[in-house]
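Protein chains: 2
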Amino acid sequence: MEYPSKLIEEAVAQVSKLPGIGKKTALRLVLHLVKEKEESTFALTEALNRLRAGIQFCKHCHNISDAEVCSICTSQKRDRSTVCVVENTNDVMAIENTSQYRGLYHVLGGVISPMNGIGPGELKIESLLDRLNHGQSEVKELILALSPTMEGDTTSFYIHRRVKDMPVKVSVIARGIPVGGDLEYADEITLGRSIVARTLFN
Amino acid sequence: MEYPSKLIEEAVAQVSKLPGIGKKTALRLVLHLVKEKEESTFALTEALNRLRAGIQFCKHCHNISDAEVCSICTSQKRDRSTVCVVENTNDVMAIENTSQYRGLYHVLGGVISPMNGIGPGELKIESLLDRLNHGQSEVKELILALSPTMEGDTTSFYIHRRVKDMPVKVSVIARGIPVGGDLEYADEITLGRSIVARTLFN
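Read top to bottom, the protein sequences are chains B and P.
Here the first sequence is numbered in our numbering, starting from 1 and rising by one per residue.
Here the second sequence is numbered in our numbering, starting from 1 and rising by one per residue.
Just so you know, the hints here were simulated from the structure itself, not pulled from any lab data.
Hints are not guaranteed to be accurate.
No distinction is drawn between identical chains; accordingly, a pair holds when it is met within one copy or between any pair of copies.
[Unchecked claim] Below, in silico cross-link-like pairs of lysine-lysine (DSS-like), each with a Cα-Cα straight-line distance of 25 Å or less:
#1 Lys17 - Lys35
#2 Lys23 - Lys35
#3 Lys59 - Lys169
#4 Lys164 - Lys6
#5 Lys23 - Lys169
#6 Lys6 - Lys124
#7 Lys6 - Lys23
#8 Lys140 - Lys17
#9 Lys23 - Lys37
Isolated chain B (complex conformation) (with noise of 0.2 Å):
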């Protein structure tokens, strides 16, 4: 495609190389912008480059945080016994949303998955063991709650090995027919193990 300008053309060069976003929404999005007041543009680019430049990690549980330790591990009203163990961020505000869960969080960045080059290495998985280990560890259960695929299961199973001697409770979230969803439609994993993880109806 041919830009009418150098100028659009880096902008679409950079607006598309984010996840999702192709070369004509990204000139969409750019076009957009065009047309709209400049303090817009502004108003967006300062917001992002505040958030890079500011962004801080909890150094317990690694979530996104505007502190040191971030408002869920400083919590009062939370509880310290449970450590729910996700991928990322989304997952914490997923969990979040439920309102079904008080406890704390530890954030891995990621999965084990060797096709993409990333080993235990890679993910905060010391650092929960560390967690664990610390001398005043209040812990006393660790839900693991990592994408059903391949790769989170095997996480699930390196994380269970390395703490399998330490006297905490792992526990992993229910598989089964999500609620609303058809059984016509469920795929025959899922399915079988909806039935073989029954629970009592109460």
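We have chain B; now place chain P onto it with these hints.
Only chain P this time, still in chain B's reference frame:
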């Protein structure tokens, strides 16, 4: 939704102002930037700032340009007797991509839309008339290439009325069944028009 950081919240608020980007997509993009190197965010914001501060509009055709007069208006290879009237830069790029048009353009900056408070005064219509009225105007044909909507048609009628006493031919791009389109799925108005405006088989 609760965000783990004020910085994230502000960035999401800004990104979700872009057209077609909701809060969820904005969050995904923002978390992607946080995950990547700082430099990629700064490269993005700098390209956008440079674009917005440096962008110019051609003083003849009002298309986006790197200079006072755009590369199409200055090109010696273009046919100066034809001017294609379009809504915006996207349309110029789309027509340029067809390689079927070698004339000049005139970018109106929108179409007449009383619902959105856009009258002829908000568009570059007077500037188009100036181009035609100009002493040594070489323009012999005006091609109206506006959207086939109520607003586009209104704008075409308005321009046609304003130029009808000038020595310039006015044409409209062909409406009909898209190439590769299926008759069965064409709407009746398009199909009706394509029968009325049929051309000789060649």
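Right, here's what the structure says about each hint:
1. Proximity of Lys17 to Lys35 under the C-alpha cut-off of 25 Å is found in both arrangements, the shortest distances being 22 Å within a copy and 13 Å between copies.
2. Taking CA atoms no more than 25 Å apart as the test, Lys23 paired with Lys35 passes in both settings, with 18 Å inside one copy and 22 Å between copies.
3. In the homo-oligomer, the alpha carbons of Lys59 and Lys169 lie at most 25 Å apart inside one protomer (23 Å), although the nearest pairing across protomers, at 72 Å, exceeds that limit.
4. Within a single copy, Lys164 and Lys6 get their C-alpha atoms no closer than 58 Å, and across copies no closer than 38 Å, so neither meets the 25 Å cut-off.
5. With identical chains, the CA atoms of Lys23 and Lys169 are never at most 25 Å apart, being 49 Å at best within one copy and 37 Å at best between copies.
6. Within a single copy, Lys6 and Lys124 get their C-alpha atoms only as close as 42 Å, which misses the 25 Å cut-off; across copies the closest is 24 Å, which meets it.
7. Proximity of Lys6 and Lys23 under a CA criterion of 25 Å is satisfied intra-copy only: 15 Å inside one chain copy versus 30 Å between copies.
8. Taking the shortest alpha-carbon separations for Lys140 and Lys17, neither the intra-copy value of 43 Å nor the inter-copy value of 44 Å comes in at or below 25 Å.
9. Proximity of Lys23 to Lys37 under the C-alpha cut-off of 25 Å is found in both arrangements, the shortest distances being 23 Å within a copy and 22 Å between copies.
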